[in-house]
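A.B. asks: Sequence:
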Amino acid sequence: SVTIPTAPNWSSQIWTQKGCKFDVSGIGHCLSGDCGGKLECDGLGAIPLASLFEITLGTPQALDYYDVSLVDGYNLPMVVVLHRTSGSCNTTDCGVYISVGEFREEMVECWV
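When you read off a place in the sequence shown, starting at 1, and then add 118, the result is the number in our numbering.
Just so you know, these hints were derived from the structure itself, not from any lab. Do not rely on the hints blindly, as some may be mistaken.
[Said to hold, decoys possible] Derived DMTMM-like pairs (lysine to aspartate or glutamate); straight-line CA-CA distance at most 20 angstroms:
| id | residue 1 | residue 2 |
| --- | --- | --- |
| 1 | 136 | 172 |
| 2 | 136 | 190 |
| 3 | 136 | 158 |
| 4 | 156 | 190 |
[What the hints assert, rightly or not] Restraint ranges, calculated between C-beta atoms of paired labels, are given here:
| id | residue 1 | residue 2 | range |
| --- | --- | --- | --- |
| 5 | 161 | 136 | 35 to 45 angstroms |
| 6 | 120 | 162 | 14 to 24 angstroms |
| 7 | 185 | 126 | 13 to 23 angstroms |
| 8 | 145 | 166 | 27 to 37 angstroms |
| 9 | 179 | 149 | 34 to 44 angstroms |
| 10 | 123 | 154 | 23 to 33 angstroms |
| 11 | 122 | 179 | 15 to 25 angstroms |
| 12 | 141 | 197 | 28 to 38 angstroms |
| 13 | 145 | 180 | 20 to 30 angstroms |
| 14 | 144 | 121 | 29 to 39 angstroms |
| 15 | 179 | 141 | 22 to 32 angstroms |
Yeah, the Cβ is synthetic: ideal placement off N, Cα and C, and Gly gets one too.
Can you make the complete structure from the sequences, with help from the hints?
C.D. replies: Encoded structure:
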């Protein structure tokens with residue numbers, strides 16, 4: 119679990135990483151969700167397979183958008199719970215059931 123502070127007019131992509139090892143300088147790798155061997159990705163996307171959370175706050179229409187996506191594949195389940203000072207937000211998550219022997223998707227469920 120991690121808490122990420124945000125600001126108005128902010129957007130980001132956050133993905134899951136698995137099997138990571140980094141040295142004290144932040145250089146290393148992850149078995150899945152790696153971002154070029156760096157701990158801090160500095161705007162780089164993850165190398166698939168990586169479950170992904172996308173968020174955009176404060177669009178010109180004063181709307182906020184967020185979702186959990188499997189566009190870059192699936193490596194770990196992800197649940198996102200947003201907290202607001204006003205209004206309401208729904209929890210979003212994605213679960214995928216993988217046939218480990220065949221590495222194929224059997225069922226995908228996503229909801230907001």
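A.B. asks: All the hints need checking, so say for each whether the structure fits it.
C.D. replies: Comparing the hints with the structure gives:
Between residue 136 and residue 172 the CA atoms are separated by roughly 19 angstroms; this keeps the pair inside 20 angstroms, and the hint holds. The hinted pair formed by residue 136 and residue 190 meets the criterion: a straight-line CA distance of about 14 angstroms does not exceed 20 angstroms. At most 20 angstroms may separate the alpha-carbon atoms for a hinted pair to count; residue 136 and residue 158 meet this at roughly 15 angstroms. Pair hint residue 156 plus residue 190 holds up; C-alpha atoms about 18 angstroms apart against a cutoff of 20 angstroms.
Between residue 161 and residue 136 the C-beta distance comes to about 21 angstroms, which lies outside the given range of 35 to 45 angstroms. Checked against the given bound of 14 to 24 angstroms, the beta carbons of residue 120 and residue 162, roughly 19 angstroms apart, stay inside it. Roughly 20 angstroms separates the CB atoms of residue 185 and residue 126, a value that falls within the hinted 13 to 23 angstroms. Take residue 145 and residue 166: their Cβ atoms lie about 21 angstroms apart, and the range 27 to 37 angstroms is violated.
A hinted range of 34 to 44 angstroms for the beta carbons of residue 179 and residue 149 is consistent with their spacing of about 40 angstroms. Taking the beta carbon of each, residue 123 and residue 154 are about 25 angstroms apart, inside 23 to 33 angstroms as hinted. Restraint check, residue 122 to residue 179: a C-beta distance of roughly 23 angstroms satisfies the suggested window 15 to 25 angstroms. As the Cβ distance of residue 141 to residue 197 is approximately 30 angstroms, the hint placing it in 28 to 38 angstroms holds.
One distance hint, 20 to 30 angstroms for the beta-carbon pair residue 145 and residue 180, is violated here, with the actual separation near 41 angstroms. Distance hint check for residue 144 and residue 121: the Cβ-Cβ separation is about 21 angstroms, which falls outside the suggested range of 29 to 39 angstroms. As the Cβ distance of residue 179 to residue 141 is approximately 44 angstroms, the hint placing it in 22 to 32 angstroms is violated.
Of the hints listed earlier, those the structure fails to meet are numbers 5, 8, 13, 14, 15, in rising order.
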